[in-house]
Amino acid sequence: MKPTRSLALIVAGGILAAAGATAWFDAETTERVRAQISSSKDGYLLRNLRAAAEANVSIGLTLDQMDGLQGLIEREREGAEDVLSIDVFNGSGVVVYSTDRSAIGTAVATPWVPFLARDQAWTIAGRGERVVGTRFDNDLGVAEGGIALTLKGRGAAAIGDDPLAVLRANAVSLIATLLALLAAAVASARLLQRSTARFRAAAAILSDPEPARTPPAEPLSALASAQAQRWAWIRTTLVERQKALERLDDAS
Amino acid sequence: MHPETRSQVGNPALACAAIAFAVVLLAGGAVGQWLAFRLDARAEESARQDAQLLAASLARTLSAQFAKAARLGIPFAELPGVEPFLRESVRNTPGVASLSLLGPDGQAVSSARAEGTASRERDRVELVIPGESGPAGKIVVATAPAALAEASSAAHWLSALAALISAALAGALAYLGPGRNLAHRQQMLLAGLRGSLAAASLDLDHSGDDLDAALEAWVDGERQVAERRSALDALAQELRAVDFDDAMRPAIEQITREVDEALAGGAR
Numbered sequence: 001m002k003p004t005r006s007l008a009l010i011v012a013g014g015i016l017a018a019a020g021a022t023a024w025f026d027a028e029t030t031e032r033v034r035a036q037i038s039s040s041k042d043g044y045l046l047r048n049l050r051a052a053a054e055a056n057v058s059i060g061l062t063l064d065q066m067d068g069l070q071g072l073i074e075r076e077r078e079g080a081e082d083v084l085s086i087d088v089f090n091g092s093g094v095v096v097y098s099t100d101r102s103a104i105g106t107a108v109a110t111p112w113v114p115f116l117a118r119d120q121a122w123t124i125a126g127r128g129e130r131v132v133g134t135r136f137d138n139d140l141g142v143a144e145g146g147i148a149l150t151l152k153g154r155g156a157a158a159i160g161d162d163p164l165a166v167l168r169a170n171a172v173s174l175i176a177t178l179l180a181l182l183a184a185a186v187a188s189a190r191l192l193q194r195s196t197a198r199f200r201a202a203a204a205i206l207s208d209p210e211p212a213r214t215p216p217a218e219p220l221s222a223l224a225s226a227q228a229q230r231w232a233w234i235r236t237t238l239v240e241r242q243k244a245l246e247r248l249d250d251a252s
Numbered sequence: 001m002h003p004e005t006r007s008q009v010g011n012p013a014l015a016c017a018a019i020a021f022a023v024v025l026l027a028g029g030a031v032g033q034w035l036a037f038r039l040d041a042r043a044e045e046s047a048r049q050d051a052q053l054l055a056a057s058l059a060r061t062l063s064a065q066f067a068k069a070a071r072l073g074i075p076f077a078e079l080p081g082v083e084p085f086l087r088e089s090v091r092n093t094p095g096v097a098s099l100s101l102l103g104p105d106g107q108a109v110s111s112a113r114a115e116g117t118a119s120r121e122r123d124r125v126e127l128v129i130p131g132e133s134g135p136a137g138k139i140v141v142a143t144a145p146a147a148l149a150e151a152s153s154a155a156h157w158l159s160a161l162a163a164l165i166s167a168a169l170a171g172a173l174a175y176l177g178p179g180r181n182l183a184h185r186q187q188m189l190l191a192g193l194r195g196s197l198a199a200a201s202l203d204l205d206h207s208g209d210d211l212d213a214a215l216e217a218w219v220d221g222e223r224q225v226a227e228r229r230s231a232l233d234a235l236a237q238e239l240r241a242v243d244f245d246d247a248m249r250p251a252i253e254q255i256t257r258e259v260d261e262a263l264a265g266g267a268r
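So the protein lines, in turn, are chains A and B.
The first sequence begins at 1 in the numbering used here and counts up one residue at a time.
The second sequence begins at 1 in the numbering used here and counts up one residue at a time.
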């Protein structure tokens, strides 16, 4: 294979590797940023709902009497598209308020209840969704119930499920990368051709039957010129000696 | 190869490596930075939307709380602990730069700002606080999406590092592949031009490039000289065969010796 082609392929491969690595970093960073934002939003929402529930408890309302909570969770659910549902449940694990009204009065998932024993927020990751929750306390610091947000699982965004959508979203990047790759491959081949132009000059000098008397300044051309002059001198010598032999032949 | 010749005619292996390194570093680096900037834009837009949602949620919550005071007829300025409450709300809400409580006349009653967000404000969310007889005031929340997600300063550095590593690898491959091939053939050409290589021992790979053309021109030149020499030797041999009394022998020997000397020394 021509060295220019090999070099173009190597350059194209190098750019592809650099772009691929960047795309990988980008995907990782996007996922991290999404997780960071999502975690901030979930944390805020939980704190907000917990504060509202505890404010109601502190004025002496029981969980059944906090009708305002139903409106609050529905408003918050509307504003957050990655929240699938919000449930508020009592200490026995029965849903009292929920954005999914058919769930009211039913028992929450078994693993949620033991989390009421701890004060920190908790997370359960499942297939395609995850649940984050916290408890809310009365003024004595005793758990009155819990709040759980059911969220779309990370990596389950609509765009991530459809390869065509991924391709469309990244079409500009792909085209730009391919164009850069082509331009760089052509540029590297041209640069190599330019840097090896001295060989073309040497070939022309070596093929010239009548070499120039003044040697070129470029070192390789100077060597080629010396060789061409030597050949010319040898050719002249051989022609003269050939003629001398022919004269001998004629004389005999 | 003579060292002075190598340094004079250039090293094609190094040239190949330098071209591959520079082109991959430039083009790969540019593509990488461009991709990283697109990531920044996407992350910022995503953070911006989320910051607006959080700001709207905060504004709703505060508006509902201050509406209670308005219904009871308590002026906001007389409510105790408003400023610490606003500060706490700003601190607890990610992506929020500042929070202001305005009175019915539009004048700020109290406000709070998250540290280091003065230059990072992006959008404003305003919500009216309903009163008994018209608006009792307004909650104004300014967002700072950058505070919600410090996207990708690392992505720029990592992308530059990836371009540098790819360029170094491409340079090494170019040196070992096409570079060494060119250097080897250049060495053969130089050896030929300096008379330390026989044309017959040369194995041309006919790659069709400029160096190949130079090698072929050299081989062709050597072949032409060899053919003329063969023709002269054949004629000398013919004359010796018919020179029964050895009368021409000294002259023939003289001519062939001169030819040998010319070929051995030449103009080199």
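Treat each hint with caution, since some may be false.
[As the list claims (entries may be wrong)] Covered by chain B, according to a simulated footprint, are these stretches of chain A (three or more residues, beta-carbon under 8 Å): (1) 3-10; (2) 29-40; (3) 87-93; (4) 98-109; (5) 139-145; (6) 184-196; (7) 233-245.
It should be emphasised that the hints constitute simulated quantities derived from the structure, not laboratory data.
These numbers come from a predicted model, not from an experiment.
Each residue gets a CB set at the ideal place from its N, CA and C atoms; glycine is no exception.
Hint by hint, here is what the structure shows:
1. 3-10: holds (count 5)
2. 29-40: holds (count 7)
3. 87-93: violated (count 0)
4. 98-109: It is violated, with 0 qualifying residues against the three required.
5. 139-145: violated (count 0)
6. 184-196: holds (count 8)
7. 233-245: holds (count 10)
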